[in-house]
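Peer 1: This is what each chain is made of:
2 protein chains.
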Amino acid sequence: EPFGPPGGGARPPQPFVHPTATGSLSGVVVSVKEVEPPLQMGVDESYELTVPSSSGTVQISAQTTWGALRALERLSQLTWWTGKGTAFTVFSCVITDSPRFSHRGVLVDTARHFMPLPSIKMAIDSLVYSFYSVFHWHIVDDQSFPYVSTTFPELSAEGAFDENHIYSQKDVADVLQYAHERGIRVLIEFDTPGHTASWGVSHPELLVPCYTNGKPNGARYGANPLLNSTFEFMGKFFAEVASVFPDDYVHVGGDELSLGQGSCWTTNPDMQAWMKAHGETDYAALENVYEQRFVNVVSATNKSLIGWQELFDNGINLPSDFVVNVWKGGWQEEMSKVTAKFRTVLSSPYYENYIENPYSNSGDWMGYYTTEPLNFTGTAEQKARVMGCETSFWAEYIDSTNFFSRAWPRAAASGERFWSDASVNDPVEASGRLHAHRCRLVARGIPAEPVEGPSFCRDEYDVQYNPPF
Amino acid sequence: EPFGPPGGGARPPQPFVHPTATGSLSGVVVSVKEVEPPLQMGVDESYELTVPSSSGTVQISAQTTWGALRALERLSQLTWWTGKGTAFTVFSCVITDSPRFSHRGVLVDTARHFMPLPSIKMAIDSLVYSFYSVFHWHIVDDQSFPYVSTTFPELSAEGAFDENHIYSQKDVADVLQYAHERGIRVLIEFDTPGHTASWGVSHPELLVPCYTNGKPNGARYGANPLLNSTFEFMGKFFAEVASVFPDDYVHVGGDELSLGQGSCWTTNPDMQAWMKAHGETDYAALENVYEQRFVNVVSATNKSLIGWQELFDNGINLPSDFVVNVWKGGWQEEMSKVTAKFRTVLSSPYYENYIENPYSNSGDWMGYYTTEPLNFTGTAEQKARVMGCETSFWAEYIDSTNFFSRAWPRAAASGERFWSDASVNDPVEASGRLHAHRCRLVARGIPAEPVEGPSFCRDEYDVQYNPPF
Chain A
1 EPFGPPGGGA RPPQPFVHPT ATGSLSGVVV SVKEVEPPLQ MGVDESYELT
51 VPSSSGTVQI SAQTTWGALR ALERLSQLTW WTGKGTAFTV FSCVITDSPR
101 FSHRGVLVDT ARHFMPLPSI KMAIDSLVYS FYSVFHWHIV DDQSFPYVST
151 TFPELSAEGA FDENHIYSQK DVADVLQYAH ERGIRVLIEF DTPGHTASWG
201 VSHPELLVPC YTNGKPNGAR YGANPLLNST FEFMGKFFAE VASVFPDDYV
251 HVGGDELSLG QGSCWTTNPD MQAWMKAHGE TDYAALENVY EQRFVNVVSA
301 TNKSLIGWQE LFDNGINLPS DFVVNVWKGG WQEEMSKVTA KFRTVLSSPY
351 YENYIENPYS NSGDWMGYYT TEPLNFTGTA EQKARVMGCE TSFWAEYIDS
401 TNFFSRAWPR AAASGERFWS DASVNDPVEA SGRLHAHRCR LVARGIPAEP
451 VEGPSFCRDE YDVQYNPPF
Chain B
1 EPFGPPGGGA RPPQPFVHPT ATGSLSGVVV SVKEVEPPLQ MGVDESYELT
51 VPSSSGTVQI SAQTTWGALR ALERLSQLTW WTGKGTAFTV FSCVITDSPR
101 FSHRGVLVDT ARHFMPLPSI KMAIDSLVYS FYSVFHWHIV DDQSFPYVST
151 TFPELSAEGA FDENHIYSQK DVADVLQYAH ERGIRVLIEF DTPGHTASWG
201 VSHPELLVPC YTNGKPNGAR YGANPLLNST FEFMGKFFAE VASVFPDDYV
251 HVGGDELSLG QGSCWTTNPD MQAWMKAHGE TDYAALENVY EQRFVNVVSA
301 TNKSLIGWQE LFDNGINLPS DFVVNVWKGG WQEEMSKVTA KFRTVLSSPY
351 YENYIENPYS NSGDWMGYYT TEPLNFTGTA EQKARVMGCE TSFWAEYIDS
401 TNFFSRAWPR AAASGERFWS DASVNDPVEA SGRLHAHRCR LVARGIPAEP
451 VEGPSFCRDE YDVQYNPPF
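Line by line, the protein sequences are chains A and B.
Going by my numbering, the first sequence opens with residue 1, and the numbers climb by one from there.
Going by my numbering, the second sequence opens with residue 1, and the numbers climb by one from there.
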C-alpha cells in the first residue's frame, strides 16, 4: 500500500521522494516447489517476496509456478522508473501473500459482440495485472455461435455473425496457451437449454418448435427436453468441449429459460402432452427433465460442472462437486442455501457491464469494492465453500472498442476484493491505489478510464493513431 | 439514406445486394468557385455531388473548398468495398446538400484531463466523419493550464499538470493546420473570471484573496475585478491569443463564478468596501465590473467574442456581434430572450459527457437526436440568429482512453441533427444509419462503441495490441 508510481493525481502532484539508494539489485531468484502443476481451481498461488535492504537479489519463493507468477506481477508493481536513465526503484520489503479466493474471474461475452483474438489476449493480460485467475469465456449465446466445433462445424458456419466472426480451433488453442502461460484458467461456457438460438440456425431440431393457433409458427426455442437426439447431440458436443478445454470445470449455463404463460414451450403439443401425462402444471418440470439428463450426459465426459443458480434452485440432482454460480438478486439468502451443500462462485454484485452517470455517482467502483462476498449467514464450513467471485461484462453494449475502458480500472477494485483480506476494505485508501493502478494500466497499453475526476498520469494513453490521409 | 456499408447488424445480416455495375468511374472532378476562403463562422459549405449512372466521372461542385471537402466526405460514405478484389461500389445519385447550421461544434476539455496531440488529431478526424465544423477547445480550466503562452510561459510552467502535459506553440500550430486542412474551425476558449485556479499558480495576484476571520487564508478565487493589473494582464494575454488563433471568434468563458454567501469574494475587505461604496448587496455587481472591462479589453484585440450565457444574463453591455453560448437548463426560454438581440450557439441539450446505464435507456443518443434546437418561441429572424449547436464532452471522466468510445457514435446523432433538415428526425430510421456509421468509424480506426445492443461490424475494432511479454 505505501507503494505506487510517481506522478499523476490531481495537480499539484504529490511530490514523490525516491529513496536514497542503499544498494543495487543484481537479479531475481525464483524458487518453486512444484513446477507447473495443473492450473485448476484451488491451485496454490501463495508466494513470498523479499527485496533486500542492501545490495543483493530479490528472492521469490512459491509453492507453485503460478504463485511465482503472481509474485513477479507484484514485484513489477512495486518497481518504478526513477525518471532518470535506466534506474528503477524498489523499496526493501518482505511480503507473504496468497489470494483469499482461488476463483477470481472476469466474464467476457463474445456472443453479443465479437472480440477479435488480439482483444482476447489483451483482456487476458489485463486480468493478470489485477490478479484475476479465471477468464470465464461466455463464448456463444442466442446472438451468435463463433466457436468452430470440429464435431459440428455447421454450428459456427451457420450460427456465427459471419465467416470472419469465429474462433477456430487454432484460435482457441492460442487463447488457451496464452492464458496458461500467464496463470489464467479459461472457464468455457456453453449455455443450454435457453440462450441457444444460434445453435438452432444449423440444428433447428435441437430446439422446441413454437405453435400459434395449433400450427408451428416457424419459431423455435430452448433445447428440446423430450428427444433422445438432443442428448445424443449434447453428449457428442460436450465430449469435444471436454477434450479441447483443459480446465477441470466446464460452465454449462442453465439460466433464464422463459417458460411463462404463452411462452414457446407452453404452445407445443408434445410439451403439452407430456405435462398432461405427468400431471404437471408448471413447465419448469420440463426444464428439469432437460437439466437432469443434460447434467448426467456432461458429467459423463469426466468434467466437473459449474452452472447458473437455476440448476440448484430447481432442485436438479447435482454431482457433489458441482459449483453453483450465483448471479441473481437476493444473493445473500441464496448463498446461505447453496453453501449448505455446494461450492459456489458469486457473480451477482459484480455486474460491471452496468454503468452509471459518473456525475451522479463518481465512484460506482466503491460499491463493488465494499461488497463483501462472505457477508451472508452461514457457518465457517459454508463460507469455505465460496470458491470465489466473478466480475461480469455481458456484452450487449460492449465490444473491443470499449471493453478495456469500461472494465478498467473498475474491475481492479473488485479484483482486490477477491484477492485481499476482507479487512482491506477502505475505499478512501483504495482510491489512491486505484489511481496509481489506472496509470500503471495505461502505461502498459490498457486504456483504463479516469473514474475519479480530474487527474493525470505521467504517461497518458497513446492512441497510436495513423491519420488515414 | 438508402446507402450504407454491407454486413454488420444483428444476425442474420440483411443481405446486401450490390448493384449490377452499369459503368466504371474514371475519377472525381471537383469544381470550386472560391479556393480556400477564410474558414469562419457562416462560410459556405454547400455542394452538389453527381455520380453518373453510366461510365464517367463523379462531379462535385461547390462554392468553396470547404464545401468540396464535405462533398468528398459524403462521397466516401457512399462508397464501399464490394468484398471482391479492388472493386468498389457507388450508387448513381445527384445530391444537393448544405448544412442547416454553420457552427456544428464538439467541445473537448483538455484541462480536467490532458489529451495528447495524436488524440487531438484523431478527435478532429472524427469530427470530420460526422460533419462537424468546429473544434471547441476548452484548453485550460481550474485543474490545469496546458497552453504554453509566449507572453506568460510561467502559466503552463507552473500551472500545467507537469512539464509533459502541455501544448507548445508548435503543438498548437500543428493542431490549427491539421484542423484547417480538414475544414474544421478551432474555437479556442480561455475561461475567466471563474475557472482560473490554474492561472493563479504562477499569477496569484490575478485572483482575489479569500479571508477567514479577517485574515487572508491563503486561498484565492476568481480574476480580480478591482485591479488595473488584472486587465493589463488580460489585454496582453488575449492579444497573444488573437495572434495565435486565426478564427474570427475567441471563446471567453464567463460561467459559474461562485458568489454565494460565504464565498471567497464576500470575505475580501476590498470587495466588501467596493460593495459598500457602491451601495450594492449582490456580488454579481462585481462580476459585472470584471466582465464589462474584460469584454472591452478583449474586443480591442479585433476578435469577435463568444461566451457562456451568464454574460448575457447579467446584462453586460456586449458587442453586437457577440455570440451567446447557451448551456444551462431552461434553454428554450433563454434562447427566446437571447435571440431577440444576439446570435447564439446552443449547448444545453447536448452534454454527451453525461451517460446512462444502457440497460435502462439503450438509446440516449435518441434523446440528443430528437432534440430540435429551434424548438423555442421566436420569430424567423430570431431563429436565423442560431448559428449552431455544440456537443460537449467535459472531461471530468474523459481522457484519451475513453473519449472516442464515449463520443462515437452518440455524437454522430447530434451531428446529423446539426447538419440535416429538421424534418429528418425519425430515430428509428436513423438507427440503421447510426449502426452503419459506427461500423464505418470502426473501420477507420475510431473505436465507436456499440450503443444499440448485440450486433457486429464486418471489420471489428483492431486494438493493435502488442503484448509486453
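Careful, some of the hints might be misleading.
You can't tell identical chains apart in this list, so a pair holds if it fits in one copy or across any two.
In the SDA-like style, the derived pairs of lysine to any residue whose C-alpha atoms are separated by at most 20 Å in a straight line are [as the list claims (entries may be wrong)]:
#1 K328 to A284
#2 K170 to T57
#3 K303 to V94
#4 K303 to Y211
#5 K33 to S320
#6 K121 to N466
#7 K170 to P467
#8 K121 to Q464
#9 K84 to N466
#10 K236 to K303
#11 K121 to D459
#12 K170 to E205
#13 K337 to E154
#14 K337 to Q464
#15 K341 to G260
#16 K84 to P153
#17 K383 to L226
#18 K383 to S423
#19 K236 to E356
The set of hints was computed from the structure by calculation and includes no laboratory data.
Peer 1: Now tell me, hint by hint, if it's right for this structure.
Peer 2: Each hint tested on the structure:
1. K328 to A284: within (18 Å within a copy, 53 Å between copies)
2. K170 to T57: Neither: 40 Å inside a chain and 46 Å across chains, both beyond 20 Å.
3. K303 to V94: This pair counts as neither: shortest intra-copy Cα distance 39 Å, inter-copy 63 Å.
4. K303 to Y211: neither (36 Å within a copy, 72 Å between copies)
5. K33 to S320: neither (31 Å within a copy, 81 Å between copies)
6. K121 to N466: between (23 Å within a copy, 10 Å between copies)
7. K170 to P467: Only across copies: K170 and P467 sit 19 Å apart there, 33 Å inside one copy, limit 20 Å.
8. K121 to Q464: Classified as both: same-chain Cα gap 18 Å, cross-chain 11 Å, threshold 20 Å.
9. K84 to N466: Result: close neither inside a copy nor across copies, 30 Å intra and 25 Å inter.
10. K236 to K303: within (14 Å within a copy, 76 Å between copies)
11. K121 to D459: Classified as between: cross-chain Cα gap 18 Å, same-chain 22 Å, threshold 20 Å.
12. K170 to E205: neither (29 Å within a copy, 66 Å between copies)
13. K337 to E154: neither (41 Å within a copy, 65 Å between copies)
14. K337 to Q464: neither (51 Å within a copy, 46 Å between copies)
15. K341 to G260: Classified as neither: same-chain Cα gap 29 Å, cross-chain 61 Å, threshold 20 Å.
16. K84 to P153: Neither. Shortest intra-copy (56 Å) and inter-copy (25 Å) distances fail the 20 Å Cα cut-off.
17. K383 to L226: This pair counts as neither: shortest intra-copy Cα distance 38 Å, inter-copy 67 Å.
18. K383 to S423: Classified as within: same-chain Cα gap 16 Å, cross-chain 61 Å, threshold 20 Å.
19. K236 to E356: neither (43 Å within a copy, 44 Å between copies)
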